[in-house]
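Number of protein chains: 2
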Amino acid sequence: MCELLGMSANVPTDILFSFTGLMQRGGNTGPHKDGWGIAFYEGRGLRLFQDTKASVDSEVAQLVRRYPIKSEIVIGHIRQANIGRICLVNTHPFVRELWGSNWCFAHNGQLADFHPPKGFYWPVGDTDSEKAFCDMLNRVREAFSGPVEAERLIPVLTRACAEYRKSGVFNCLLSNGDWLFSFCSTKLVEITRKAPFGPARLKDADMSVDFQAVTTPDDVVTVLATEDLTHDETWTSHPSGGWSLWRHGECVVRGQIEEQ
Amino acid sequence: MCELLGMSANVPTDILFSFTGLMQRGGNTGPHKDGWGIAFYEGRGLRLFQDTKASVDSEVAQLVRRYPIKSEIVIGHIRQANIGRICLVNTHPFVRELWGSNWCFAHNGQLADFHPPKGFYWPVGDTDSEKAFCDMLNRVREAFSGPVEAERLIPVLTRACAEYRKSGVFNCLLSNGDWLFSFCSTKLVEITRKAPFGPARLKDADMSVDFQAVTTPDDVVTVLATEDLTHDETWTSHPSGGWSLWRHGECVVRGQIEEQ
Numbered sequence: 001m002c003e004l005l006g007m008s009a010n011v012p013t014d015i016l017f018s019f020t021g022l023m024q025r026g027g028n029t030g031p032h033k034d035g036w037g038i039a040f041y042e043g044r045g046l047r048l049f050q051d052t053k054a055s056v057d058s059e060v061a062q063l064v065r066r067y068p069i070k071s072e073i074v075i076g077h078i079r080q081a082n083i084g085r086i087c088l089v090n091t092h093p094f095v096r097e098l099w100g101s102n103w104c105f106a107h108n109g110q111l112a113d114f115h116p117p118k119g120f121y122w123p124v125g126d127t128d129s130e131k132a133f134c135d136m137l138n139r140v141r142e143a144f145s146g147p148v149e150a151e152r153l154i155p156v157l158t159r160a161c162a163e164y165r166k167s168g169v170f171n172c173l174l175s176n177g178d179w180l181f182s183f184c185s186t187k188l189v190e191i192t193r194k195a196p197f198g199p200a201r202l203k204d205a206d207m208s209v210d211f212q213a214v215t216t217p218d219d220v221v222t223v224l225a226t227e228d229l230t231h232d233e234t235w236t237s238h239p240s241g242g243w244s245l246w247r248h249g250e251c252v253v254r255g256q257i258e259e260q
Numbered sequence: 001m002c003e004l005l006g007m008s009a010n011v012p013t014d015i016l017f018s019f020t021g022l023m024q025r026g027g028n029t030g031p032h033k034d035g036w037g038i039a040f041y042e043g044r045g046l047r048l049f050q051d052t053k054a055s056v057d058s059e060v061a062q063l064v065r066r067y068p069i070k071s072e073i074v075i076g077h078i079r080q081a082n083i084g085r086i087c088l089v090n091t092h093p094f095v096r097e098l099w100g101s102n103w104c105f106a107h108n109g110q111l112a113d114f115h116p117p118k119g120f121y122w123p124v125g126d127t128d129s130e131k132a133f134c135d136m137l138n139r140v141r142e143a144f145s146g147p148v149e150a151e152r153l154i155p156v157l158t159r160a161c162a163e164y165r166k167s168g169v170f171n172c173l174l175s176n177g178d179w180l181f182s183f184c185s186t187k188l189v190e191i192t193r194k195a196p197f198g199p200a201r202l203k204d205a206d207m208s209v210d211f212q213a214v215t216t217p218d219d220v221v222t223v224l225a226t227e228d229l230t231h232d233e234t235w236t237s238h239p240s241g242g243w244s245l246w247r248h249g250e251c252v253v254r255g256q257i258e259e260q
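Chains as they are written, first to last, in full-length UniProt numbering: chain R, 1 to 260; chain L, 1 to 260.
Since the hints were derived computationally from the structure, they do not count as laboratory data.
Everything numeric in this text was worked out from a predicted model, so none of it was measured.
One thing to keep in mind: the hints can contain errors.
With a straight-line cut-off of 25 Å between C-alpha atoms, the simulated SDA-like cross-links for lysine to any residue are [as the list claims (entries may be wrong)]:
#, chain 1, residue 1, chain 2, residue 2
1, L, K53, L, V95
2, R, K33, L, E42
3, L, K187, L, V214
4, L, K118, R, K53
5, R, K53, L, E42
6, R, K70, L, K118
Bound-form chain R, shown alone:
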């Protein structure tokens, strides 16, 4: 299995604190040593850093820590390989251009005997995750001929997630740089930080932050993760089948698909 990290904020925000905690689970406090990746939206652009090494040993991860990038949407992932060997093409997040935007996706779980129909987007690697991402984008392309409001995409995305979940475990994060979509099949937690801000301490590393000192009263930042990253804060678990759409740090709309 793997772990996911997502962020939606209303101001460019540095994910360093959460990233530091997550990276420890990549071979130190967690077993997810088969590569990691993190994608930062910068305007319409996307900066993607990936490595096939355990994140705790990764020089690229050190760079990302030394060079904090501020972003309004971030998708990160640490991998414990199941389907697909350990190599760059099997490392999340995955990216494709659709309608002139960079769409980015990461998956936690695994899908058994998963063979979606071939469409416009083809996987480059061997993972069930990238297959699902390509299939999701192929469905979106089939449903609409050009850019549409995120709200109109929800039925297409949730129907796809519901189907994938029948093949196994499918927790995912998806973004096009404007919004962040999440789906929980088994495990996903969230926390929204806004004024009044308090302190927090990482569970996986000896690091604390007083958000009061590094934010303004108007900041709103939501972090999504597979498991709580901090002490001193209350993370909310998503229900199985729960989906949510985030923009500028706030949940725009959320819902839950019927149980199988």
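Assemble chain L onto chain R, guided by the hints.
Okay, now just chain L, sitting in the frame of chain R:
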């Protein structure tokens, strides 16, 4: 204008030496201070590093220098902005997935009043370069329904290049990770390094290398650039309208389109 850097090798090779020279032209020995990018193929995967800062001042460039990556195909670019503001989405190289491969492209030149028909691939940014890349891939998709030998792509690619050249200056590098294609409209030089290897000294930085000491007798490495990067070596200029296809460091086929 901008400068291009390309490499094709028959063994994973470190481009650090050439990269070091090119980076100096990004704000130091050259005026190309509006961002830079370099893409390294790693198997079927692609590592892309980009920055909107002048390469001489770029922390990401320092990382790439500290962390030499070996690759069989590399495409690099330093930018002096003409069309399109300075931001990540306007920074070369550009990447798209086609038929399950990462296609990567960089352009030197500028196309005036360039409006190719809209197709499957859309530009994310505002540059004429990304428009041309998307149009090129759209033409390839229209011409073939799935992966074909590079040799069969040549007529489609060279016809596109011939048309683009009519709108201005179009020197480019294109790869899908298997082969490297180049087109010269005004400026492109090449050098192939193979046994017996000699020493070389950068023109833009105080750095020399004795290739004899860092290679094996079987290594073949070709470097393409906008202008000679070294002293003590003879670089060959491509003719206007000259195109070439490279694999494993060797030129597989080359030709020249008729003059306008």
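Hints versus structure:
no., hint, result
1, L:K53 to L:V95, "20 Å, holds"
2, R:K33 to L:E42, "19 Å, holds"
3, L:K187 to L:V214, "29 Å, violated"
4, L:K118 to R:K53, "40 Å, violated"
5, R:K53 to L:E42, "14 Å, holds"
6, R:K70 to L:K118, "33 Å, violated"
Hints 3, 4 and 6 from the earlier list are contradicted by this structure; the remaining hints agree with it.
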